[in-house]
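Participant: Position chain B against the provided structure of chain A, taking the given hints into account.
Chains A and B supply the protein sequences, listed in that same order.
The working numbering puts the first residue of the first sequence at 1, with every later residue one more than the last.
The working numbering puts the first residue of the second sequence at 1001, with every later residue one more than the last.
Don't read these hints as lab results, they were simulated from the structure.
Quick reminder that beta carbons are idealized off the backbone N, C-alpha and C, glycines included.
Keep in mind that a hint or two might mislead.
[Stated by the list, open to error] Calculated pairs, EDC-like style, for lysine to aspartate or glutamate (alpha carbon to alpha carbon, straight line, at most 16 Å):
no. : chain 1 : residue 1 : chain 2 : residue 2
1   : B       : K1073     : A       : D72
2   : B       : K1073     : A       : E75
3   : B       : K1092     : A       : D25
4   : B       : K1097     : A       : E24
5   : A       : K97       : B       : E1018
6   : B       : K1097     : A       : E18
7   : A       : K73       : B       : D1072
8   : B       : K1048     : A       : E51
9   : A       : K92       : B       : D1025
10  : A       : K48       : B       : E1051
11  : A       : K97       : B       : E1024
12  : A       : K73       : B       : E1051
13  : A       : K97       : B       : D1025
14  : B       : K1097     : A       : D72
15  : A       : K105      : A       : E93
[As the list claims (entries may be wrong)] Residues from chain B that face chain A, not an exhaustive set, calculated with beta carbons under 7 Å:
no. : residue
16  : M1001
17  : I1002
18  : T1004
19  : I1011
20  : H1017
21  : S1019
22  : K1033
23  : G1050
24  : S1052
25  : G1076
26  : H1124
27  : G1125
2 protein chains.
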Amino acid sequence: MIPTHIEHIGIAVKNLHESIRYYEDVLGLKCYKIEEVKDQKVRTAIFKIGESKIELLETTDPDGPIGRFIKDKGEGVHHIAFAVNNIQEALKEVRAKGVFLVDDKPRKGAEELNIAFLHPRSTHGVLMEFCSDK
Amino acid sequence: MIPTHIEHIGIAVKNLHESIRYYEDVLGLKCYKIEEVKDQKVRTAIFKIGESKIELLETTDPDGPIGRFIKDKGEGVHHIAFAVNNIQEALKEVRAKGVFLVDDKPRKGAEELNIAFLHPRSTHGVLMEFCSDK
Chain A
1 MIPTHIEHIG IAVKNLHESI RYYEDVLGLK CYKIEEVKDQ KVRTAIFKIG
51 ESKIELLETT DPDGPIGRFI KDKGEGVHHI AFAVNNIQEA LKEVRAKGVF
101 LVDDKPRKGA EELNIAFLHP RSTHGVLMEF CSDK
Chain B
1001 MIPTHIEHIG IAVKNLHESI RYYEDVLGLK CYKIEEVKDQ KVRTAIFKIG
1051 ESKIELLETT DPDGPIGRFI KDKGEGVHHI AFAVNNIQEA LKEVRAKGVF
1101 LVDDKPRKGA EELNIAFLHP RSTHGVLMEF CSDK
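So that you can see chain A by itself, here it is in the shape it has in the complex (with noise of 0.2 Å):
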């Protein structure tokens, strides 16, 4: 296994309307989704970025992962998403490597996606997601 790009950047913000004004009007990327993830507690609102994305995550519910998040460290980058070819096969190489898994088993993410978090012990403090869409 070996991840092919960066499938998304995940950023929480405090004010998902604020924010998506900045990447809009300053950086000039195109919001074309917002959606509601309501297993991760989060409305999320996707751009594109080259063969990338950055997803902004609002929180729901002030004690979901993202309310949380914010809480203890404000605003900023919350998680990367690496996608790969076979989710399943991904988690099963990196669980045999001493990996430790947030999800054991792939769960549905934003846009239908497949996913999968890594623990942030495991993966030297950043919080690491795999994608795949199959």
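Facilitator: Chain B only, in chain A's frame:
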């Protein structure tokens, strides 16, 4: 100005060689260069992934920017770098839109790129960098 792609993600790490081992042995990426950037008081290990790069950053000085970041926040994503075609114009444009800049003029970063940082108080909590090779 619209950034063309994510040029790199800069990740602060405590120990470059331990982190390189994770990115190579677990994620399967290949470190193709280790470079010291004296100006920023870091040694950086660079990996290609798709059209983007990952730059692991280890401080060469406890009081340098990465040393202070690690002290305050621990390991994690330090900045996102966007590739732009013309960095001078990009800086002029965002400054005119009210963005505070860390660097008024481009300076040399890793791999001889022209780089400049935007201030995170203008960018909703994420330290952002523009990069261009011209």
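Participant: Taking the hints in turn, state whether each one holds.
Facilitator: Now the hints, each set against the structure:
The straight-line distance between the Cα atoms of K1073 (chain B) and D72 (chain A) is roughly 11 Å, inside the 16 Å bound, and the hint therefore holds. For the hint pairing K1073 (chain B) with E75 (chain A), the CA-to-CA distance comes to about 13 Å; that is within 16 Å, so the pair holds. With a C-alpha separation of about 14 Å, the suggested pairing of K1092 (chain B) with D25 (chain A) holds against the 16 Å cut-off. Distance hint between K1097 (chain B) and E24 (chain A) is fulfilled; the C-alpha atoms sit about 12 Å from each other, no more than 16 Å.
Under the criterion of a C-alpha separation no larger than 16 Å, the hint pairing K97 (chain A) with E1018 (chain B) is consistent with the structure, at around 15 Å. Between the alpha carbons of K1097 (chain B) and E18 (chain A) the distance comes to roughly 15 Å, so the proposed pair stays at or under 16 Å and holds. Under the criterion of a C-alpha separation no larger than 16 Å, the hint pairing K73 (chain A) with D1072 (chain B) is consistent with the structure, at around 11 Å. For the suggested pair K1048 (chain B) and E51 (chain A), the alpha carbons sit about 14 Å apart, so the restraint of at most 16 Å is met.
As the CA atoms of K92 (chain A) and D1025 (chain B) are separated by approximately 14 Å, the hinted pair is consistent with the 16 Å bound. Between the alpha carbons of K48 (chain A) and E1051 (chain B) the distance comes to roughly 14 Å, so the proposed pair stays at or under 16 Å and holds. For the hint pairing K97 (chain A) with E1024 (chain B), the CA-to-CA distance comes to about 12 Å; that is within 16 Å, so the pair holds. Distance restraint check for K73 (chain A) and E1051 (chain B): the Cα-Cα separation of roughly 30 Å exceeds the 16 Å cut-off, and the hinted pair is therefore not satisfied.
Note on K97 (chain A) and D1025 (chain B): the hinted pairing holds, with a Cα-Cα distance of about 8 Å set against a maximum of 16 Å. This hinted pair does not check out: K1097 (chain B) and D72 (chain A) have alpha carbons roughly 30 Å apart, beyond 16 Å. Distance check on the hinted pair: K105 (chain A) and E93 (chain A) sit about 13 Å apart at the alpha-carbon level, within 16 Å; holds. Because the smallest distance between the Cβ of M1001 (chain B) and any Cβ of chain A comes to about 6 Å, under 7 Å, the interface hint for this residue holds.
With its C-beta approaching chain A no nearer than about 4 Å, I1002 (chain B) sits inside the 7 Å limit, and its interface hint holds. Annotation: interface hint on T1004 (chain B) holds; nearest CB of chain A at approximately 6 Å, less than 7 Å. Checking I1011 (chain B) against chain A by beta carbon gives a least distance of about 6 Å; that is within 7 Å, so the hint holds. Because the smallest distance between the Cβ of H1017 (chain B) and any Cβ of chain A comes to about 12 Å, over 7 Å, the interface hint for this residue is violated.
Given hint, S1019 (chain B) at the interface with chain A, holds; its Cβ is 5 Å from that chain's nearest Cβ, closer than 7 Å. For K1033 (chain B), the interface hint is violated, the least distance from its beta-carbon to any beta-carbon of chain A being 18 Å, above 7 Å. Checking G1050 (chain B) against chain A: minimum C-beta separation of about 3 Å stays under 7 Å; hint holds. A least Cβ separation of about 5 Å between S1052 (chain B) and chain A falls short of the 7 Å threshold, and the interface hint therefore holds.
Because the smallest distance between the Cβ of G1076 (chain B) and any Cβ of chain A comes to about 4 Å, under 7 Å, the interface hint for this residue holds. Checking H1124 (chain B) against chain A: minimum C-beta separation of about 5 Å stays under 7 Å; hint holds. Hint status for G1125 (chain B) relative to chain A: holds, with the closest Cβ pair at about 3 Å, below 7 Å.
Violated hints, listed in ascending order, are 12, 14, 20 and 22; each of the other numbered hints is respected by the structure.
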